[in-house]
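Visitor: Sequence:
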Amino acid sequence: MMRFTLLLGFLALSQAALINQLPGAPAVNFKQYAGYFGVGQNKNHQLHYWFIESQSNPATDPVLIWLTGGPGCSGLSAILTEWGPFLANDDGATLRLNPYSWNQKASILTLEAPAGVGYSYSTDGNVQTGDNQTASENWEALVAFFNTFPQYKNNDFYVTGESYGGIYVPTLVRTIMDRQNQFKMNLKGFAVGNGCVSFPENTDSLIEFMYGHGLIDDTKWKKVRSQCCNNDIDDCQFHNFSGLNFCNEFAQQETTLAWSSGLNPYNMYDNCVQSASSQPVPLRFAADYRQQTGKDVVTSQLSSVPCLNETAVTTYLNRQDVRKALGVPTSIGRWDICSNQISQTYTRETPDTSSIFVRAITSGIKVMLYSGDVDMACNFLMGQRFSRKLGFNVSKGKKHYNVGGQIGGYHTQYGLLHFVTVRGAGHMVPSDKPAVAYHILDSFINNKAF
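Take the sequence shown: its letters are residues 1 to 450, numbered as in this note's numbering.
Among these hints, one or two may not hold up.
[Unchecked claim] Lysine-lysine pairs mimicking DSS-like chemistry, simulated, CA-CA at most 25 Å apart:
hint	residue 1	residue 2
1	Lys105	Lys184
2	Lys448	Lys366
3	Lys43	Lys324
4	Lys398	Lys188
5	Lys399	Lys389
6	Lys184	Lys153
7	Lys105	Lys448
8	Lys396	Lys366
9	Lys105	Lys188
10	Lys31	Lys223
11	Lys448	Lys396
12	Lys366	Lys105
Derived from the structure by calculation, the hints contain no laboratory data.
I would like the entire structure built from these sequences, with the hints used as guidance.
Guide: Here's what the structure looks like:
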């Protein structure tokens, strides 16, 4: 009788969440689900999800969770502009198939987290949170997911994300490891794209990155090396400079320059997409600008701060028929790619994730850090230094890998840790280099040679 009751409950939940027809999308042969998982005290936080089954063999293929960063940005944008089965067309009304979709050989759960992001909400209106609470509530959402879809509980499971996902992903992994005795998950690994896994390291490496790309005067650089860094740039702690002196002023100016020079901080070789009024679209970069500089984006800065255009995705996700298909209540307000409220009130409790990486890797969990090499927001030098400083021996030295007959980037392996660069890609690797992004993900989760 108990099994029958549980089966009825599972069927009811799955059927209620099934996306029968996604407006404007081509017909597909895989299932999709969307809805909410209640988490937090008294389930007051309702986290919106979109779950996409594998195109191949969902019964045995790995399951991934994807977490977009910010903090305060929605993973639905990643589905429709990066790695999902559909990409938004410029008309904001239709979608096209993505030949490099990550769900070709994996089922993917995207969670809009924390509450207040995208279509996720709080029943009491309180969306103030931080790293630890977010990790805990994301774990609760995973428990709800595996209880709702128990057929996936034994599949290989991976945690993935990008940008501030460099904090979201490892802190969730830590929570999973801490709570395996409460709810066992078949965690095999995690992957982070252009993740800010260490904010001190990101600041320190960004300045060297900028010099290497011709953004800092050579005379000034020589002065910095000798007066501020004891001629040791690799270990120069720009983030620790303080006071009214040349070294601190230099660090402040150059860090801010990455976000206010007119270059696109997410891909320094790509143009800044601007609106018809020649004002950059600010939503995507606002949270990152605040994180890196400690300043808010104000109107006077908008003409010089570069950004990305998410108009098509925003238009599509705010259509009433799309909202209905995704299980969004009519009482929920407009979808935005990022929430300034979350970004401004979020408590950043994890400046560096090194200890989590070491613990996970020594526990047998494999890891991939991949970085587009022209991103200034979370630059590849940070990932390279971070990987080296974890202290694991190099098992495979840096070597290029090919995709489609061309060099896709470079791969270095430290046992269970893979550090991968993607040539010519920026912050959102699957958007800039979709074929390469799919190649490295497939290699990682399926234990193939890069």
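Visitor: Hint compliance check: list the failing hint numbers for this structure, sorted ascending.
Guide: 10
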